[in-house]
Amino acid sequence: MGPAHSLSTKPSSRCLRVFAFDPQASIELDTAPINDAIVELPWEEPWEDSLAKGPVNDYLEVVDYDPASACFYQPVDLDDPMLLAQHGLPPSDGNPQFHQQMVFAVAMKTIRTFERALGRMVLWMREPPRRTAGAEGPPRYRDYIKRLRIYPHAMREANAYYSPQKAALLFGYFRGKPARDGTGGGWIFTCLSQDIVAHETAHAILHGMWPRSIESCNADALAFHEAFADIIALFQHFTVAAVVRHEMRKSGGAMRSVSLLNGLAQQFGRGTGREGPLRFALQMVEDEEKELAANGRLNPDRNARITQPHKRGQILVAAVFDVFVTIFEQRTDDLFRLAGRRRGDTANMSVELIERLVVEAQKAADHVLRMCIRGLDYLPPVDVTFGEYLRAILTADADLVPVDRRHYRVAFAEAFRKRGVTVRGCDFVTVDTLLWEEPAPFANAGRPSGGETRSADTSFAEVLPRLLLNVVYDPATLSTDLRENASEGAKAYIEPRNITPDAIERRNLRDLATLIVKHNQKMIQQWLAKSEEDDEEWEHLLGICLRPLEFHQDKQTVMFRGEKPRVEVHSVRVARRQGPDGQSLHQLIIQVTQRRRGYFDPAVQAAADKGELAGGTDQTAEPDFWFRGGATLLVDLSDGRVRRVVRKRIDDDGRLAQQRGFLLGDPDALTFTGQPGASPPEPFAFLHRSGR
Amino acid sequence: MTELRALTVRMYRGLLGDCFLLRVETTGAARQHILIDCGLLQGLPRAAERMTAVARDIAATTGGVVDLLVVTHEHWDHLSGFAQAKDILLDGARIRYRRLWLAWTERPEDPQARALRARFDKRKQAVSRLALALDEHRIDDPAAKLVRDLNGFIGPLDPPGTAAAPGGRLTGARILEELTALAEDVDYLEPGSVVELPLDIGLPVAVLGPPRNEERLFKDLPSSGANKETYLDRGGSATGASDEPDYTEEELANYSLFGVDGTASDGGALALGSPFAPRYHAGLNESDVENRTTSPDTPAGIADWFHTHYYDKLDEQGQSQSERRIDGANFQAPASLALKLDSDTNNTSLVLAIRLPDDRFMLFAADAQVGNWLSWHDQDYGFADRRWSAEEILGATALYKVGHHGSHNATLKGQGLAMMTRDDLVALVSTVEEEAKSQGRPPGWLMPNPEVRKALLERTQGRLVRGDRRWKDDEDVTPYGRKRDFSARLEEGNELFVDYRIWPPGPLPRKRRSNGP
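Chain order of the listed sequences is A and B.
Using our numbering, you'd call the opening residue of the first sequence number 1 and step up by one each time.
Using our numbering, you'd call the opening residue of the second sequence number 1 and step up by one each time.
Chain B with its partners taken away, still in its complex shape (with noise of 0.2 angstroms):
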């Protein structure tokens, strides 16, 4: 009988986004692979070479093969690899995916599904539209800066009218769905189900999210680094009910910048189509005011009057006045909506738990967000031996991919790291903390936040391994000192990856030199 002899966790470095490759050797058969997501974030520099790099890698360890394919969710940053690295990846003569895994939200003909994706289409086409629309004038205001960050997880949208399907769907879901024709066969897994790896060990593995319970689904934070947003509950409310009616035609409409017949008030400036007669605002020119240029429309005085009241640090009382601003007023609404969109599409992640011989569990989280991780205590899992519940799982959880780059919504802490009792316990977050500052409005955002690096080193007890440093650089794990039988596993030399050995258990034995992957 089979047994697994070796398991590899390839984490691919310098994404800011996810790609694992699981290597499984099992006694008297070839080596097997399981590849979990492949992207980053779009608009990183050179983010198509680095992509390609991995694909390459992918295609030369795989030998072509790829035994099981997992998607865990539809965000760029999951899934560009394939666009990215078309070539490689999405090339049925260079690779071959031999089974697809793609959570229930997925699946074409389940009604709830297919409710849940039109919704999700609406509002990304209304976010997507907006960037492209500030893009194209170049508004340069933070909250209009978060809209075009945003839509980076949303993809590329397809210009209206080139793509197969009308209306022009989204490219990541084209990814899709090549991706579903691609492979030989496609699994669109139930939470609660416990399925076995399609592999020649079919290690069992529990699937935890994404939750059907709408309640649970809809219930996120959305994702703004520093800073808190407001949330918005239309379609799906922050307090979990989604009793509220979605988002209309024309209130979706309201989030674009131009008045419904998009006219300009005067012909050279940044005019977005004041709804007053032209002679209300004559010569009132925003930069015209602020840079008290005067044209022969400006009444007499004005530029100062504004200035009194709005400009100036101090008010006529000394007070500050420079917080009461609302210049990015107006882009508010429209930041509100790609934030809950994107916590939403977060919360739609498939969560795996694999279950290795020894009762360890490898925990690949995905993006999963506050409602997904609540719902994987709703039920319990039904393996060969027992049923097991949620928080058995986590308690015997080995290893474990930090959700959504460390950002602090992706992590539960009481219902979540608190319960991952294991003094072995490794975690994996693949992250680019530098690029990931310079998102969003300033501080940018924090990937990973520093309180979830935090008690990820205090749990691990050093055990954190990050896409974007060396372990055995990495200042913050040297407190905790650089355990042998740790270090011993991780092999870090090549510049794309880094390998753990999470099998087989206890002490290795003294490295060897080992040439190839």
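One chain only, chain A, in its complex shape (with noise of 0.2 angstroms):
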């Protein structure tokens, strides 16, 4: 480190170069000029871990290893002072340092773009290994981990994947087909296609939030991943300012133009040679479009028969994409009625017209991404479905922006129905339907004191005061393993006799929030573990068991320990969101789950929920599946309020039904193995070397 006082000012952003289409690209004249971009990167701030060789930072580990070779491919080091002269290495397929550079890029574009929109560091969660029968030592859990590894070029072969067991991306590459006008053919590799990155760096952050979410309990919940991913990789593309500006130099500002849609599809799918995930969306949006063009009419439930996972989540990423278009749409109708001319039109386009729609695109697709991203805390922690996806979103919108003055949620329920994602009981028209209810205060029923109305809120004022919701420094609540245990990062704030300045230097914002969280779970769970008086009123607000098993003896299903029935606290978040109006949100975001044994035979269920399973209930005995519950709370910290509450009921045997149903369609479940729809050791892998 340099002098105490440094002349020179820490800089703002650190931009690294990166191709903006794949690689192709840069042989075509058509686009080669556009084909290097720049990705805009905030410079690491002192309280995180500085960029190093690799790059390795706080975040991210890139460890170029190359099994197919045998061979490793030195790190690169991006403070170089020749690469900050030139923001980093110029764009180059055959170099593999440059690989490493870019999948840094833009991994750490979509975990800053996840950051800001969700209000919080993005951590990331290891699943734990499989367990072998056997295996010395003590069973592992899934845990926090610092920091994603990424493997640009992991394996030979046409595939990109995140695996939760190495908590790593993983990205390979190959040799292409030529196309059919004799260009291509060379090695393709998967790290350098942005879309690729986007999406699969989404996959590792939404496991982060949310760890459940791999395991697969209807058709929507396993497509509901690969679909977010894609939305996504979707709208990072329009962040790239070149790239929009080529588009709409083409299409004359029409995004619903086929050829566009078409030109979107190819580029997605050139990077692995062939048409993409996102062919099926567009292609969707696509026909949509020539039918209506015709005077057609669309059938709400033409999507119905589809049950593929794989394209089922296409729904959802062409009805977000829909939104965009509308919402870009409105946003630019001035602009071409300013101008005189007809959208389309590609005749003699201004510079400055381009340029302002070029600047509409990108806001629109800010706006409808972080609509999106913000979405995933209003969902229950198990078992999404599409329609509570698009309730999920509209209620976060609402929380956040009360007035919707471009009907930004109107275009979401437009877009959702027409394409027959439907909310179950909500037929009605407007949008305040859909949003999630606010809880009721509780009864009063058999209190012995009476009077007072309680509610959620002065139920869970009790626990709040035990939460660390801030940045500390020296929390007494803080256990003493958890204090032991803490990282180097996080020991530097909580101990306040070694101040030096070297501690002040090692104090890592991220550790800290590790310790707060796993500490703030470990409270909850004692809150919740505690009989109370309430304890009835919570557990119809929450949707799981929570009193001694006496009072749930038509559910022994359910898993208890001794007498307490168990739950899972899934993760407990602290948010700040901030609204296109100034408007501040602060949240804590509870997740909480609780699991039950399934079977298949309808008949043995009802017997198990009885306890009257032949051998008992045997709390060990492996059910041949298992059915999850719970909700996600959501308290408003200005004033301690439970705002939301979403949740699953974990008595809803209609809910076991469908899932056991879903999961009878599984080879799994018909034979005699392990249990169906557990995940996969590389549910990822799978999902994307079938069908893509």
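Just so you know, these hints were derived from the structure itself, not from any lab.
Remember, it's a predicted structure, so these values are computed and weren't measured experimentally.
For every residue, glycine included, the Cβ atom is placed at its ideal position computed from N, Cα and C.
Mixed in with the good hints, there may be bad ones.
[Stated by the list, open to error] Taking beta-carbon pairs under 10 angstroms as the criterion, some of the chain A residues facing chain B (in silico): (1) 70; (2) 95; (3) 97; (4) 125; (5) 126; (6) 142; (7) 146; (8) 601.
Got two chains here, separate frames each, mind docking them using the hints?
Below you can see the structure in the form of structure tokens.
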């Protein structure tokens, strides 16, 4: 480190060069001039680990090992003066160090997008390794891990995937097929494709915030992860100004034009030599446009027959893309009127008009993306369906932006409805009926004191003081074992006696965040475990069992530890969000789940629920499948009120029957094997090798 | 009119494969024989010796005439005997095959069968080539081992240029060709049909599978013992729909190890052709970095960096990082390809239910997997007296030849074993557990799978006969007690086989000393 007072100021951003389109585009005259884009990342803050060789920073660790070639490639040092002077290495698919640079840049960009939208830091999760029979050592559990590892050249295969067990992104490379015009046919690297990198990073981020999302319990759940990652990839595409400019010019500002949609699909696919996953979504939009242009009618139930997870996911992507285009059109109608042009007319477009269109497209993409990401917090912790995601997006937006001036929420509702994504029980037209409801006050039934009405808020107020809701410097409430096992970066905050300039340097905010999350999880767990008067109300609110076994004689399939039911506090996070008009929302988001043993034979299920199964309520007996329930609680920290509860009841036998039906379609369910629907060892590798 | 006097099922022991000989005695006529499959897994020790012994016994017992030969599917562990003991079994002078039964999938002119075979052949060749290449370079990775082991089911590949057919046809297919030529008559059986045994007593036989419905045909679960692998769905998906286009040549070529030009990046070590120019990985050879041997090209400190970030057990934060290694990632796709191919082939098994005169059935399920089992219920079976549903047939099953050596994916629970409700059910499982354990990734293949074994023992109340143990010494059977009426029907004296006398029914007269088979 230099002298205490440095005369030069820290840069505000780090620029890194990447390919805008996939590398093929560099050798085509049409796109060669714009295939060099710059990703601008915020410069590392003092409370983050600085960027080291690799590149390795606070979030990511790029390790360039190529097992197929049995060699390593030297890690790039992005702080090398030669590289800083030219915004990193120039794009080149023949230089592995550039690959490291690009994959790092695009992944970081995705991470920053999520952090801005979610209002909190991204933390990674790692699933425990598969336990082989007879393995020694204590069982490993899911845990937080500091850095996501990236292997840019992991395998020689036309595939790229996120591995929850390795907490790593693996990118493949392979020999491509020459295109019809004879071009191409060289080595193709999936790590050089912006959309693929963004897609995989999104999987990792989603898993980190929502670990059980990788288990499949209904057709929508499996599709959701993929669809969401595709949405991220699609909208990141629109953040590259050069690309959007090129498209606006070619299409005259008409985003629904067939040629543009085709062009998009091709680009997304070019990276791997075939039309990509978004092909189906964009195809869907294209077909709808053609149908409408020919004055046909669109049947809202036309998508009901699509059950294959990958295709089903594309319905969601198509809907979100539709919203984006609707919003873009709304925002740019006045521009065309001012310019005296028709949308779609490509002749003689002025440079200024194109620039304005680009700005509007980027804004619209940014807004839609943020709405989609924020919706994640309002989802139930298990068993998501598309209809619930719609409600989540709308509620999240309504909580942050009370007045929907530009009718974004209406656009969402309409786009989903047009594609047959319905919400059970909500057949009304206005958007406010689709929002999640606020929790009702508790009934006074059976309370000796009577009188005042208690509610979730008063009840929850008991645990709030024990939670850590901010950056802390020696919290008294922190337990000893958490204190001792904290990492260096966190310890530098919580040990005031050891303050040296060096200690302040060592402070790492993400490490502290991990510590705070673990602490809060523990506090909530303890609070739920304690028997309270309000337990019955909370059971109803959260949809899980909290009271001892004697109250649940007909639900003995729920997992109990002794007399008390087992509850898993999935996550406890604090989020700070900003609205467009300066509104700020400070929320605590808690996810709680519980599991119940499920059996394929309804008669066996009924017997097990009553505790009449042969062998008693043996807690270690393996069921046919696990059925989960639980709730997401959203607490507004401005006043400690429980604003929303999104629950999936554990005693919902209808949902259990539905899951049973879904799983019975799974070959696993029918044979003598492990649990169907449990996360297979590499769930994303499967999804990506299949059908794409 | 001919009546059935006795029927004995002989399971040849000590085979991680299938070989069953049925001896049928009728009133007034000579004894007749049915042979169902003959093979064991490629690469097992002393395979040729064992099969030769089995073949000799078959020749001796049948007296040189096999009245009906059934070959259920084209896996090596059901066919190898014909190659390993070809002097006996493929010699027209020594053994006559009066009738050969195959599934419709082998029918030469059938367009669907042809398309299926073409699909499989392509994938088989890719897997075999890959296995050969892995062998040649002695690559010792777990996923690579899986590919090699699965290749054992495919059987040897004819070196190109020596086969009669161009392009190097697989030897398994050649065996079928030879048998088809040798047999006096060949029948290709359709699912849902009811045929008669071509014996003096024409016992009716229901053909339960394989299905023609492609959704069922490709619905299976890749078999991998304890570890579940991912499943592919090209050319038939795990969800059943086969609307994905099949693999192209280029894509299959990707599953070979080398770059298209096959050049090595540096002279000595296990170089597989890095796509980048040599200057980018000079001195960064995998073995050099792992063993920290430096060459003049190795940049300073690089080995340490890779050790900190890859090889060390604990990373900089003190968390375990050995699970984050990707040493095997490169072979996962070929391994998945091999697994899916393996289970698809299993699913084309010919499944027969032979009806005895007292309406009991003998179910020979070969290696049928999920889709095949499910398809049995798609139709009912028109016997002479009435139509039977698959559930009724299963309910009347008195003998079940356990699928695929007892592995987890070849015996269905609800739609299968649970419907076999006869309380005198007997199960035969042809397996060698120890040998299976040494195959595949540790802990190896579980054949029989413990869950399946438990369920079978429950269902049969201890009447489970294994190929690798004597029933009277089997510890698993002890809790159920050794029932006298069952043990009276078992003949376990011979090292090579075990006989189960399923006909005549009812209590047998006291065992008499008998000579001969």
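### Query
Checking against the hints above, which ones are violated?
Violated hints: 4, 6; rest satisfied.
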